[in-house]
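Student: Model the full structure from these sequences, guided by the hints.
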Amino acid sequence: MKKKNAALVMAAFSAAGFLAASPASAATESQFPPYGCDSNRYGILFGEGISMTCFSLPRHSETYRVVAHCASGSSFWYTVGHWVPIGFGPSTAECHGGLLANAYVAGYHVDDF
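Our numbering applies: residue 1 is where the sequence shown begins, and numbers increase by one.
Derived by calculation from the structure, the hints in this document are not laboratory data. Hints should not be assumed to be uniformly reliable.
To be verified - FRET-style restraints, in silico, Cβ to Cβ:
#1 Leu99 / Arg59: 22 to 28 Å
#2 Ser61 / Ala101: 31 to 37 Å
#3 Gly73 / Asp112: 28 to 34 Å
#4 Phe113 / Tyr35: 16 to 22 Å
#5 Gln31 / Asp111: 17 to 23 Å
#6 Phe88 / Arg59: 16 to 22 Å
#7 Tyr35 / Ala101: 30 to 36 Å
This structure is a prediction, so every number in the text was calculated from the model and none was measured. All C-beta atoms in this analysis are idealised placements derived from N, C-alpha and C, irrespective of residue type, glycine included.
Tutor: As structure tokens, then:
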């Protein structure tokens, strides 16, 4: 009976770990920015940020912003940058973590308007 209970507990922990880790692995994207854009990753205290400057985008648009896909351990969330006109200053998004779990940019994409 103890072996069955131990097997059930291990199966539950295994399933919980599998479900919690799947979103972070699915969010990784290409390491290269979109055509017409330049990106730069930088470190901050307990985290990482991404800065992107676009001079042209595939669709006609006036403004853009970068959206960072942040990850820390089994947590996953999005952080958006400010809207910026095409050809002007960079749009930046930062992933802030905690004292015991640093956050990093798992991927990113560009929203245009």
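Student: Each hint: holds or not?
Tutor: Verification of the supplied hints:
1. Look at Leu99 against Arg59: about 41 Å separates their beta carbons, and that is not inside 22 to 28 Å.
2. Distance hint check: the CB atoms of Ser61 and Ala101 are about 36 Å apart, consistent with the given range 31 to 37 Å.
3. Distance hint for Gly73 and Asp112: a CB-CB separation of about 32 Å, consistent with the stated range 28 to 34 Å.
4. Against the hinted window of 16 to 22 Å, the Cβ-Cβ separation of Phe113 and Tyr35 comes to about 18 Å, which satisfies the hint.
5. Distance hint check for Gln31 and Asp111: the Cβ-Cβ separation is about 19 Å, which falls inside the suggested range of 17 to 23 Å.
6. In this structure the supplied range 16 to 22 Å holds for Phe88 paired with Arg59, their Cβ-Cβ distance being about 18 Å.
7. Here the CB-CB span from Tyr35 to Ala101 is close to 35 Å, well matched to the stated 30 to 36 Å.
Hint compliance for this structure: hint 1 is the single one not met.
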